[in-house]
Amino acid sequence: MRILIRQHKQAWASLKKKPGFVLTVLMTMGITLGALLCAITLNYLLLVEPLPYPDQDRLFVAEHGVTGAKKETKGLAFTYPGLVHLYKSKAAFEQAAIMSYGEDVIVSHNSQPLVNTAYITPELHQILASPLALGRMFEASEAMDTHNPVAMLSYNTWQQEFNGNVDILEQKINIRGVSYRIVGVLAEHFIEPELEEIGRETQVWLPFDFNSAGEGQRQSFGNISGNLKFIGLLNKEVSQSQAVQLLTPLVNDRWQEGVAEISFFKGWSIDMRVRPVKEVMLGQSESIAIMLLAGVVGLVLIACANISNLFMARTAEKQRQMAIQAAIGATKKHLFKAMLAETSILMFMSIILALVIAKSGFYIMQQYLGAVLPRVNELSLNPITFGCAVLVTVVFALFFAKLSTRMINYRALNTTLQSSGKGSGLQVSKKTRQVLIASQVALATVLVFANFSLLKDAVKTINAPLGFTTTNISTLRLNFSSTDSPSQEESIPIMAGIMEKLEALPQVESLSQSGSPLDGFYLRALTNVANNERYTPFLKGADQRYFNMIEQPLLQGDNFTRVDRQDGNNVMIVNQAFAKQLKADGDVLGLQLSMGGPDPHKIIGIVKDIAIPGETAIEDDGSAEYTGVPRAYVASRLGAQTFMLKLKSGQSVSREQLGKLLAEVDSRYAVFSFNSADDILTQRLFSEITTAVTTAVLAGLVFLLAGIGLYGILSYGTQLRRFELGARMAIGATKQHLVTMIINDNAKSVLVGFIGSVVLFALAYIGLSEYIQPFLTWQVLPMIVATLILITLVTLFACYWPLRKYINKPAIFSLRGSD
Amino acid sequence: MTTPIIKVQQLGKVFSTNDMLTHALQGIELEIQQGEYISISGPSGCGKSTLLSIMGLLDFPTTGKLFFEGKDISQLSMEQTAAIRNKKIGFIFQQFNLIDELSIYDNIALPLRYAKQPTSDKKIKEKVDYCLDVVGMLSKAGRRPTQLSGGQQQCIAIARALVAEPSILLVDEPTGNLDSKNSDQIMATLEALNNQGTTLCVVTHDIRYAEMAKRKVYLLDGRILGQTRFDHQSMY
Ligand SMILES: Nc1ncnc2c1ncn2[C@@H]1O[C@H](COP(=O)(O)OP(=O)(O)OP(=O)(O)O)[C@@H](O)[C@H]1O
Ligand SMILES: [Mg+2]
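Taken in order, these protein sequences are the chains called A and B. Take the first sequence: its letter number 89 is residue 89 in the working numbering, and every next letter is one higher. If you want the working numbering, it's the 1-based position in the second sequence plus 1000.
It should be emphasised that the hints constitute simulated quantities derived from the structure, not laboratory data. A couple of the hints might just be wrong.
What the hints assert, rightly or not - Under the rule of at most 25 Å between Cα atoms (straight-line distance), these lysine-lysine pairs were calculated in the DSS-like manner:
#1 A/LYS402 - A/LYS431
#2 B/LYS1087 - A/LYS735
#3 B/LYS1088 - B/LYS1065
#4 B/LYS1122 - B/LYS1087
#5 B/LYS1088 - B/LYS1116
#6 A/LYS431 - A/LYS9
#7 A/LYS809 - B/LYS1087
#8 A/LYS735 - B/LYS1181
#9 B/LYS1125 - A/LYS809
#10 A/LYS583 - A/LYS602
#11 A/LYS580 - A/LYS602
#12 B/LYS1007 - A/LYS809
#13 B/LYS1125 - B/LYS1181
#14 A/LYS332 - A/LYS402
#15 A/LYS460 - A/LYS332
#16 A/LYS318 - A/LYS402
#17 A/LYS809 - B/LYS1216
#18 A/LYS809 - B/LYS1065
#19 A/LYS266 - A/LYS660
#20 A/LYS333 - A/LYS16
#21 A/LYS318 - A/LYS9
#22 B/LYS1181 - B/LYS1216
#23 B/LYS1088 - B/LYS1216
#24 A/LYS337 - A/LYS18
#25 A/LYS608 - A/LYS501
#26 A/LYS809 - B/LYS1088
#27 B/LYS1214 - A/LYS735
#28 A/LYS735 - B/LYS1116
#29 A/LYS332 - A/LYS70
#30 A/LYS460 - A/LYS608
Stated by the list, open to error - Residues from chain B shown here face chain A by an in silico Cβ test under 10 Å; the list is partial:
#31 VAL1014
#32 SER1049
#33 LEU1076
#34 THR1081
#35 ALA1083
#36 ARG1085
#37 ASN1086
#38 GLU1101
#39 GLY1142
C-beta atoms are modelled at their ideal positions from N, C-alpha and C, and glycine is treated no differently.
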């Protein structure tokens, strides 16, 4: 034990003399291992760790699979009566809850905040065994059809909107005209299952009865809605597939009854999907997490190659000291132990830094990746992280110590003492250096290429032309503080009054009584009256100023007029893509489309296509095209409660200001949301932006590490060759000769590295083909070329830079051997 | 009088290390004429190697001027000095400085390959073989430097110095790493070369070999202490 301490003291003393070396090891290993611990913990959490709910393996989500006449999937979403029917049937599930997600304004609150709401039946929190900070969860007395207005708050909402008030219970909040009594606050550590959207946190929980679905929707089997969910504990003796078999006829029979009258749905059916909650929450994240891990492992390997090189160079440097130790009787084991003392100190310091970095990494992920990856709020330094940290420390310490001592030729050590001649003694062999260069190049090529491909896709999506402008445009949606909304007739004068006031605002350049193209479309079934063909384009309302404001060109026909809107004319404008779908030649002016009502809509105009990032058309064959989404526009009503404001450039309007303005016209109205189109766009592109930033940072890191590594190896190699360089200079070699020579000598290793990267790709392809396949198109060719050029440039730099100090000085400098 | 191959005027060299200045050479005046055989000798550290490196354009003087075949060296670029080293100067070192990765043949051929005017492979072979023959090493062409004895390696170094047919051979302690038998042989080879017209400047602290030269320069503490000049006139 004492020997061990002494050895570590000695190692520490010797390391202290080499702060540059220590710092390089510490930074390189600390940062990459930090990233590794982060990625491992994330992967463990997502792929292995059970959900934090009792009986989580029996926790399933049921969904309506809406299937078209050709057995194609039209969508995964419930109809309202279908959901209620399933819930009331109590089949297959021991206990089940239904819920409807929404967004609402708390009008009774001073700042009238817009909050995420969930309308639930009481079983939900019972199934999840949700921990509470205050009060209670919903009870049987608040079950379906009781109409008992109570509310539960999330911990954060309690803290932020209600300042953590201890007498929050029994306070009331008003949402859409209903006053809810707050009965409970969820605990800070409650983890909500992210069923609808990753990163969405429900702020206010309300009983299912009060959800925002209108009376029509509650009855309609023809309307599907994505915000309706069913979650439950499967009966112990029922398997997942049995549940599907049990539920499908139950739900489908009722649905067929419900839509028997509607010819549109002829041949359609419902088949139930039952999926584990864990799988639903994981979604696409599994591949993101695995790719992240793969990328980080690559980084660690590059870092490892770098540090190996440093350790070997250090051994070469310490040969004399070790020879002296050997002369006074140190065995190979002694030297290994001494080396191990050094490597373990370095690795210990690195892992401490790595843990700090991992911890910050969790924080960054929670801040910025909450909307991309599920469950990130559960990330923390856990036993798995610490276990990995210990393992990594031990493995790397042993590896570096072994590597360093392996190159000591113990028998030749004594001759080192006698000869102090040039070039004799210990060196990192040429072969080892070549292997290091080749592996460095191979790894860097694979990683940079992978990052480039991801980056390119993300940037392509980010930069894809929208086909309309978002500059200075904001969307205002109104909130009506009462359950039953005013009739069209009643709201027309109110809206007119509001519009008058809005237009009078000095900041406003123009106004349109329609929603933003970025969040206003919904899928709508239409029938071509001429031939009874059915279509499901995206539909939205637009007024006469809509296309002008967003600068979407009208290609043929006419725009809507105010008269169309006033008289409720059944007119429609379609985009090119939809026109092509309707008729191959796209000449559809005058065509009649039915929405199911008695009077069909007549197409009066054709507008150019637009592309909304992240939105894809649902094709019959299930394929999704980024552009060419079919769209249709109908004239918005004069009573419509959504507006687009185009502000004068450099001007802004606040939510409060608008709230006051609305109250002046009619106190029942408040601001529901007021967002700039650019913000909505950024939000929609969030995952692409995140990917772009992450991959760019990773690619940068790879370049940095590979650059440092190649530089280290090549500069060591050049240093070994200084006498040779001197001799060549003495017999007349010019700078150019020598640069060419060094490049030629390393070209082989680089080439081997490139070939190695191809092999790595092939292996990755075999192992992970399902993730990689989509990326393999001819479009990757320029990426490959760009990667090769970049890696080559980095290598050329690493060749030239260490050489520069020899070739730019008189030849005698290289020949003499001391600096 | 023809232009001297090397002419040194008021040459000085100062090394500065850790705030300490070493005046390795001071006020050196020296001329080397075509066909001469000069030895430079003096105690260790007196500046012999430094002077030879400067004359061989491996290093630059701190003060004073150096003319190579009448050209002021300070006016030349790195590329131009490299070209002069390649064509006009043959260097022979105490440590041989052969390149281990290359065969004997390639070592000797190297100066020709660095030359501005390319030499055909056939011509290179002719020249390399000739030089190998001169030093009696024709049979070793395919070997590696590490497979030869010290004396043999020095012979190869001489062959390499000769191959480009330089104006002058600069030799620094050619026998420092050799036993006396090998040393005698090397010195005899060099003397024979001089007799055939090669200009020779040899640094040695072995008095016997210094005496073999036709002109002797003594250095002490970076200054020329004295020169002897045997039958200098007879050379012209
Ligand atoms: N690169 C250098 N930096 C500092 N001082 C140097 C350098 N090279 C040579 N010197 C100093 O210059 C002086 C002359 O050195 P030089 O190598 O020319 O001696 P020398 O006569 O060749 O000796 P020897 O017979 O031992 O080879 C010495 O005092 C030496 O310490
Ligand atoms: Mg010397």
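The hints, checked one at a time:
At most 25 Å may separate the alpha-carbon atoms for a hinted pair to count; A/LYS402 and A/LYS431 meet this at roughly 18 Å. Distance hint between B/LYS1087 and A/LYS735 is fulfilled; the C-alpha atoms sit about 16 Å from each other, no more than 25 Å. At roughly 19 Å between alpha-carbon atoms, B/LYS1088 and B/LYS1065 fall within 25 Å of each other, so this suggested pair holds. A C-alpha spacing of about 19 Å is found between B/LYS1122 and B/LYS1087, which places the hinted pair at or below 25 Å, so the restraint holds.
Distance restraint check for B/LYS1088 and B/LYS1116: the Cα-Cα separation of roughly 13 Å lies within the 25 Å cut-off, and the hinted pair is therefore satisfied. Straight-line distance between C-alpha atoms of A/LYS431 and A/LYS9 comes to about 34 Å, which puts the hinted pair past the 25 Å bound. This hinted pair checks out: A/LYS809 and B/LYS1087 have alpha carbons roughly 20 Å apart, not beyond 25 Å. For the given pair, A/LYS735 sits about 39 Å from B/LYS1181 by alpha-carbon distance, which is inconsistent with the 25 Å threshold.
Taking the CA atoms of B/LYS1125 and A/LYS809, the gap is near 33 Å; set against the 25 Å cutoff, the hint is violated. The hinted pair formed by A/LYS583 and A/LYS602 meets the criterion: a straight-line CA distance of about 15 Å does not exceed 25 Å. About 16 Å separates the Cα atoms of A/LYS580 and A/LYS602, which keeps this hinted pair within 25 Å; it holds. For the hint pairing B/LYS1007 with A/LYS809, the CA-to-CA distance comes to about 23 Å; that is within 25 Å, so the pair holds.
Distance check on the hinted pair: B/LYS1125 and B/LYS1181 sit about 30 Å apart at the alpha-carbon level, beyond 25 Å; violated. At most 25 Å may separate the alpha-carbon atoms for a hinted pair to count; A/LYS332 and A/LYS402 meet this at roughly 11 Å. For a cut-off of 25 Å, the pair hint linking A/LYS460 to A/LYS332 is broken: about 58 Å separates their Cα positions. About 15 Å separates the Cα atoms of A/LYS318 and A/LYS402, which keeps this hinted pair within 25 Å; it holds.
Between A/LYS809 and B/LYS1216 the alpha-carbon distance is near 31 Å, which puts this suggested pair outside the 25 Å criterion. For the hint pairing A/LYS809 with B/LYS1065, the CA-to-CA distance comes to about 19 Å; that is within 25 Å, so the pair holds. Our distance criterion of 25 Å between C-alpha atoms is broken by A/LYS266 and A/LYS660, whose separation comes to about 50 Å. With a CA separation close to 24 Å, the supplied pair A/LYS333 and A/LYS16 stays within the 25 Å bound.
In summary, the hint linking A/LYS318 to A/LYS9 is supported, as the alpha carbons are separated by about 17 Å, within the 25 Å threshold. Between the alpha carbons of B/LYS1181 and B/LYS1216 the distance comes to roughly 23 Å, so the proposed pair stays at or under 25 Å and holds. Distance hint between B/LYS1088 and B/LYS1216 is fulfilled; the C-alpha atoms sit about 23 Å from each other, no more than 25 Å. Straight-line distance between C-alpha atoms of A/LYS337 and A/LYS18 comes to about 19 Å, which keeps the hinted pair within the 25 Å bound.
A threshold of 25 Å between alpha carbons decides the hint, and for A/LYS608 with A/LYS501 the separation of about 32 Å lies outside it, so the pair is violated. Of the supplied pair hints, the one linking A/LYS809 and B/LYS1088 holds, its CA atoms being roughly 21 Å apart against a limit of 25 Å. Between B/LYS1214 and A/LYS735 the CA atoms are separated by roughly 37 Å; this puts the pair beyond 25 Å, and the hint is violated. Distance restraint check for A/LYS735 and B/LYS1116: the Cα-Cα separation of roughly 13 Å lies within the 25 Å cut-off, and the hinted pair is therefore satisfied.
The hinted pair formed by A/LYS332 and A/LYS70 fails the criterion: a straight-line CA distance of about 75 Å is larger than 25 Å. Of the supplied pair hints, the one linking A/LYS460 and A/LYS608 holds, its CA atoms being roughly 21 Å apart against a limit of 25 Å. Nearest Cβ of chain A to the Cβ of B/VAL1014: about 14 Å, over the 10 Å cut. The hint is violated. This hint holds: B/SER1049 has a C-beta 9 Å from the nearest C-beta of chain A, less than the 10 Å allowed.
The closest approach between the C-beta of B/LEU1076 and any C-beta of chain A is roughly 12 Å, which is over the 10 Å cut-off, so the hint fails. A distance limit of 10 Å between C-beta atoms decides the matter here; for B/THR1081 the minimum to chain A is near 9 Å, and the interface restraint holds. Of the supplied interface hints, the one on B/ALA1083 holds, with its beta-carbon coming within about 7 Å of a beta-carbon of chain A, less than 10 Å. About 4 Å separates the beta-carbon of B/ARG1085 from the nearest beta-carbon of chain A, less than 10 Å, and the hint is met.
Against a cut-off of 10 Å between C-beta atoms, the interface hint on B/ASN1086 holds, since the closest Cβ of chain A lies about 2 Å away. For B/GLU1101, the interface hint holds, since its Cβ comes within 10 Å of a Cβ in chain A; the closest pair sits about 8 Å apart. Here the hint on B/GLY1142 is broken, as its CB sits about 20 Å from the closest CB of chain A, past 10 Å.
Consistency note: the structure conflicts with the earlier hints numbered 6, 8, 9, 13, 15, 17, 19, 25, 27, 29, 31, 33, 39.
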